Amino acid sequence: MSAQARFSRTALLAISSILLLLYVLAPIAWLVSSSFQSEREIVSKPPHWLPQEPTIGNFAAIFTSHERSVTYETRRATDPASGGFVPSTAKNLLPSLRNSFIVACTVVVLNLLIGLPAGYAVAKIRFRGRQASIYAILATRVIPDIALVVPFFLFIRNLGLLDTLASLIVTYLAITVPFSVFILINYFESLPDELDKAARVDGCSRWQTMTKIFLPLVTPSIVAVILFAFLVSWNEFLLALMFTQTPQSQTLPIVIASFTSDFTISFSFINAAGVLAILPPVILALIFERYIVAGLTVGAVKG
Amino acid sequence: MARLGAVTRRSILKNATAGIAAASVLGEAGSALATDPLYLATWSAAVDQVKSHLAAFEAQTGIKVEYSNSPWAQFRETMVTKFIGNAPIDTVWVSDSWLPEWAEAGWISPVDQYKALTAYNSDVDQFCVESMTYNGKQYGITYYSDFMGFIYNGEILDKAGIKTAPQTWDEVVEQSKIIKAKGLSQWPMVLPLAQETWLIEFLASIVYSQGGRFTGDNGMALMQDGKNGAVTALRWVVDAVQKHTIVSPSCVETGELAAVKSFSSGQHAFVLLPKYRLRRINDPNQSQIAGNAKIALMPKSENGSHATVGWMRFYGMTPRAQADATRAANTVKLMEWFGGKAQGEYTFQRLLFNDLGAGFGVKSLFQDPEMRKLYSAYGDVDVIGQQQGLARKKDMITPWFGAWNDVNGSAWQQAVLGKVTPEQALKTSADKWNALKKQS
Amino acid sequence: MTANILSPLRVQPARRFGYDERSALLFVLPLAVVLFAVAAFPIAYSFYISLFNLRLTRPNRISFVWFDNYVNVLSDPQFWEAVQRTVTFSVMAVVTTTVLGLLIALLLNEDFPGRRILSALLLIPWAIPSVANGLMWKWIYDSSHGALNGALFQLGFINSYMVWLGDASRTLALIANAFVWKEVPLATILLLIGMKAIPAELYAAAKVDGANAMRCFLHVTLPALGPSFALVIVYETMMAIRHFDLFFLLTEGGPGDASHVIAWHIYVETFRSLSFGTGAAMAYILALATLGLSYVVIRILGRRL
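Chains as they are written, first to last, in the numbering used here: chain A, -5 to 297; chain B, 7 to 446; chain C, 195 to 499.
None of these hints come from the bench; they were simulated from the model. None of the hints are false.
Partner residues aside, some chain A positions facing chain C, computed with beta carbon under 8 Å: (1) S10; (2) A115; (3) T134; (4) L142; (5) V144; (6) T165; (7) A168; (8) V175; (9) I250; (10) F261; (11) I264; (12) V276; (13) A279; (14) E283; (15) V287.
Since the structure is predicted, the reported quantities are computational estimates derived from the model, not experimental observations. Beta carbons: idealized from backbone N, C-alpha and C, even for Gly.
This is chain A alone, in the form it adopts within the complex (with noise of 0.2 Å):
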């Protein structure tokens, strides 16, 4: 390649570089940004892109805000005429956190349960609608989740599980297993069949080939299905918002959602809510990042 190609192919490439930078991390940001800014600082016109009296007060916040008791003689003490205001629901950011992180875990130890087997057998066994079987596993995911809400959530409620951390687990099993599976089942695929046959002339169980031979190899694949289901589960909005009622069963994401339109708006908190929930998921999806491609590409995992 010629010096002058070389040259506009180093400016090409980091003109673009730079600009995709910019359409990532710019509106991210300016969430964090906002979010160290007090409320005064914050309805600038123009706005200050960089706080120019930076606070973590809306973080304090968000760790201290627990119920206080309040009395005739301090109930003015939040009143927005003396500054500090906090949403009232606030006290449930914290405890939305631990519902989240439940939920989440859950749902994952559960599709790692049912997947695996599941991905081994359709993979490795060869049995009647095999094929059939894998479309099917495909197609329940093209049902929009409102079509989802609606039957579900009349079923649930006349069990009375309506407002559990159950009713979210076992719906979100069907919108994260189908994809899981299908994950595995590729992973799987990738893997030689010969391995199978040895195993199971050492006398192995299907159970004892899958366990002992599969399962150390498919490493990347069961990383890439606890990302994916840990993120879905993590940030469901529409499900968790029909089925929860109370703060003992609100997820982060719901409880966020109820900062916006509180009675007086505090922009500077919502902010700061708003990087306390994208903090988890964005620093797991950084630590494996290679494990996402690995998942969704069987081959060696290369630079």
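Based on these hints, arrange chains B and C on the given structure of chain A.
Just chains B and C, lined up with the frame of chain A:
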């Protein structure tokens, strides 16, 4: 054979649903121990005031109360989901708009049998008692009552050389144009037309003051009528936004709270807001135009009057609370503590008026010297009294109000945005009204 | 050759029912139970509900109405307007996502320092909750204090702050923008996988024939990406048609009816008007339409490859 089958199917479903519902309610009531707290659900207004009053209640009676609140802007939607989800609620704030719907659906129950609550009827405005009554039964005790006020910024009017506040909607337009021409305000009038709980009350105030109605005496839709309906009112709004440009096109995104903030920053000359907001707009700690906000009578149109819309909100009681005698008694105590007297005094009403300027429906409080003093610091008591007398109850309060309200609000917004003509918008709204009426 | 998500699954002929099949059944049983409970059951129950005039505001007046609900829904002009808006939104979203995904994949396909970091950072929009995405963009689009207004104002493109979400002509585009931002990473990854699977020999052959970068792109890359495009388009269309979260957080179907798409229509009918019968009918129609659409698209694109 088919008919029999249909009846069987329907009755199975009905009985199953009713059976399960009954079982869950009774099951709950059966196991409702004295230690099970009462559940109070409100919207997110006066939260700390409620909490402080609750603390006093718990100290006085030893009854634990579980208090939850949700945003007013979508309160009906939130509560409806809770009701059909069988969420635990014993007493709840209700707007007069939703009374028929919630009563018919069985989400709130009549309270006529609780003399402790109905005893207060003699001390509240007749308007309040009527608004809490449906099909001859009373469904609660008053929370607060108010009306839509026409508020103007006296300072801007002075600067524009305008001597008196506008008396008619035409004058509103003229004065706004003068103010705009003098560069005193880009959008002289603020109209909060966002799709939220407040919207119907904003629309009703404009419609009534222009001599219109939403429904006729026979209960059928009248809003589409060119003379007696809402057409002239909607046309005024559409012209204000599009022709005269005195109202910003972002009005469809502006909610009541945003309007309060915007007006308090001194950017506008006229606004429609619930009267109690006057207090906040004249508070130096919360507003930049403190002292300059004044209330005037609602402008009228040729065929109209200075009428406005009035509303009231009340404490409702759920079937769940009434299922068990102890729970019912405790809930009545709680409702009386808030809506009636607490230890011999109208404590909560005073608290609300003192802190937020919220109107009360209690007649005797009007005579209270302390209250009268507070009132006069807040706004022109005479005008307020006069306007209150001209406040009309909403004429679209029916069991299908909730379902119709979204469509109506949407239609008005469409017209304001210029997507449809006012006639078309109101026809859509009227059609939906009549369809829902037929179905019910 | 590395297999990927697009490779046809190898199917072996089935053997006689024997030990293998028994253990296969056992292994697949939990999955079958889950799929039945959470897929087959809701479909059946939803259909059942849709045959009744079930309104939760009138719990004592439920009647069997055969297919009346379906007739009412399909003859309601509001329904078809919602469909139209959904189509508009989906086309905007899918086209933008695919094009952007392609451009970014082209970039990340090259080797240059910092590529790994860029790829990793690209995952951030994909990972964040849709709620956070909605709130973030709502704040950016805010008409009084938003960053979009601020940036355009400072750069001199506008003279005064504009209303964005409240402008009916822009609403769908703005929501689509927020949607695309979150969907682009996945589309990019899928296209990148497809690109990496293109054998180097094809490019070498093209170069020998004297092709420059643009011709390589048009005659080698694009055709070879056929299956990848198919997957991205089908997947993103499915996602766009059913999308609810942003419509709930940003505009609630407004202003007026500007963003009243089919998912929102079903939500309002079911959970605000509390008409579960018609809501179930709508949801069922949507589900059937989505299934039909995906089948048709896959067949068409599959035949092209």
